[in-house]
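Asks: Protein chains in written order, with the working numbering: chain A, 7 to 436; chain B, 7 to 436.
No false leads were slipped in.
Cβ pair distances, simulated, as ranges:
| no. | chain 1 | residue 1 | chain 2 | residue 2 | range |
| --- | --- | --- | --- | --- | --- |
| 1 | A | Gly73 | B | Ser239 | 36 to 46 Å |
| 2 | B | Lys394 | A | Gly73 | 28 to 38 Å |
| 3 | B | Asp60 | A | Arg290 | 31 to 41 Å |
No lab work stands behind these hints, which were simulated from the structure alone. Backbone N, C-alpha and C define an ideal beta-carbon position, used for all residues, glycine too.
Chain by chain, the residues run as shown.
Protein chains: 2
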Amino acid sequence: MSKAYAEMSKEELRELQEQLNSKYVDAKGKGLSLNMARGKPSPAQLDMVMDFLDVLDSKSAMISEDGVDTRNYGEMDGIPEAKKLMADIMDTQPENIIVCGNASLNIMYDTFSRAFVHGIMGNTPWAKLDKVKFLCPAPGYDRHFAICEHFGVEMITVPMFSDGPDMDMIEKLVAEDESIKGIWCVPKYSNPLGVSYSDEKVKRFAALKPAAKDFRIFWDNAYAIHHLYEDESRQDKILDIISECAKAGNPDMVFEFASTSKVTFAGAGISAIASSVANLDDMRKSMTIQTIGYDKINQLRHVRYFKDINGVKAHMMKHASFLRPKFEACEKVLDEELSGLGIASWTVPNGGYFISLDVLEGCAKKVVSMCKEAGVTLTGAGATFPYKKDPKDSNIRIAPSYPSPEEMAQATDLLVLCVKLAAVEKLLEA
Amino acid sequence: MSKAYAEMSKEELRELQEQLNSKYVDAKGKGLSLNMARGKPSPAQLDMVMDFLDVLDSKSAMISEDGVDTRNYGEMDGIPEAKKLMADIMDTQPENIIVCGNASLNIMYDTFSRAFVHGIMGNTPWAKLDKVKFLCPAPGYDRHFAICEHFGVEMITVPMFSDGPDMDMIEKLVAEDESIKGIWCVPKYSNPLGVSYSDEKVKRFAALKPAAKDFRIFWDNAYAIHHLYEDESRQDKILDIISECAKAGNPDMVFEFASTSKVTFAGAGISAIASSVANLDDMRKSMTIQTIGYDKINQLRHVRYFKDINGVKAHMMKHASFLRPKFEACEKVLDEELSGLGIASWTVPNGGYFISLDVLEGCAKKVVSMCKEAGVTLTGAGATFPYKKDPKDSNIRIAPSYPSPEEMAQATDLLVLCVKLAAVEKLLEA
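This is chain A alone, in the form it adopts within the complex (with noise of 0.2 Å):
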């Protein structure tokens, strides 16, 4: 039906950008104010969690498991039910894990902050070392990127595929390079692409042979039960990094990280940190310095709400049914306005919070500041690349998350004409 924007001639781009023009002049005048730029959860979304305020009360039994009151300090790694639990949604034990504040992002920036001023296991902080490298594979997760900019680690960008990053280029280059200490991963759902890392691909990062004796992966398994579909076969599933490098030897390379963030309340879930036991103990020397005890009383209320894993995974469907309406709208409009154009490609995810959207070359910028203009905030383009700088300028990242279904159509509506737009100008001026 519709003709690839390539095939077409200078006029009848010109004839179609009339057009265009015309109807984003239209979009404007509609006074949209739509944000599609944050992985945030919607107002429906928290409302029914709202039950999870009612779990602990006045008259509520605040022992934990071990004897511990919840109320008063101590018990630094955490309640062992809580344990139990992150442990269950991490799919490791609960021996590695120590459960922490409100946020995944602290405890990452921590370990980083660890890392530089007292070193991994004994090895020489990064802070007395000349160069600290860090492989980014992007699209990723602009926070992790903005770690490494604040503490001035160099960041070398690895391309990301449909089923993870490009292994062949992480093993050269952490085999021959003492300086790259470490790999961000997102390997479930994967942010933005919404890609969940392979077997295959989960074994080569076990085995890696890193030059750098404190090489650690930081696996950031934010979206590790945030699946979008109820059908088992449309939920991705990921081999457990941390039994995977103790099978290949490599029992100390991985740091993992998960919160309950995006389960219950954005701010005030837990987080928490797995890891073989003499990371954790060598963290730990920090840790016990650093604070008495994490909100046990919160570890406390989650456990309460969801009595077990399966009490989260019940709860994940719910969320699931307000945000899959959403990448569903956002979709559909994508398939329908964009597909055989030939100038875009988005992925169409099982779970996570984004949808990831690649188009022409060099337009993803003016795609962006066009919607911007128009009233749909989306992420700043190049937001996914080390820097900030998307060398094709052509990544865009989609938060469905927030919006209704109906917003998510009409800011996807905009999204499209402004992709149309770009690629016909950018053609114009080939």
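Using the hints, position chain B against chain A.
Replies: Just chain B now, with coordinates in the frame of chain A:
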């Protein structure tokens, strides 16, 4: 009535020793198991706050004064009503406040960490300096000293008096040594002495002329509202260090810390840092990389529970009614058993969480270990000094908050017995 031990003959001392020894053997037989080691709230005190868990439930309005959904991401500074509450507790203004996570110790550690990796206001990061020194008024808080030790900061002990630390020494040292980057202070009901800084000393702090441009006073106002007496004449007051520093032309010289750990629940309260706007802006550069925001729901819970500072003050009077009898039970035994013997002196604080006991030089370790042997755990002797080394081996910190008043009396009975025994042994050796 009682004769000073120093005036006793060897024979009298030997006789006394025999009596005391026999009492000690009896005491050991009682099978005591009491803990006066840490400033932990007692279960009864925590029971009193259980209605704190009722203020938010599934029916609650969750939007902050400025329209922010506390259940969602964002608002790194904290919600305005929580900034106001913490500002009132800390006797400063909301614009001088960032409300943080569950523990002020964590903010102090992070503030150190930032200074080490990123430097304060563009100054050289401390990690890049050959030497960083801190002044440590002592006896003081062991966890402050632990942070210094963990970061390899050299600690210089400064004597503490009943109205604050030795200002002559502090003024001289900071003026001449650029490697001195800070000082730890607990200005009100100080840990462990329970004394508060006089107005004159606060003013001298504010007027310091440090050689280091990035010298900072770490003002741990942990017991800002923790009075033991309703009578206002027995409530210590200190000057606001932030406005005093501003008046003295040193607006950026102080970081102040506080939390509600000993107001609501230990480990599930909220904390805050107070400082000049310029300092806070400098911190925000790192904090916005470290976190999207702290737990705003717990902030809201605090504000709804207390309404305002008057609610907090009324609440703290309920705490006082729990804590006071424990302090008084201890003080009564100390007074009755040790007055006039010339072998000990102790503080009688108007607030805070500790009583400080000084025994004969060289006897503190022995007393603590004898107590332990008979079932009463005290803070390790030396813990109140840098590197855990009390140069006189004479200071013992008593934490009356956890045991009941009856248990405090029992525990202090044993303590005074051990103080006497150690004194007699010392005098006999002389």
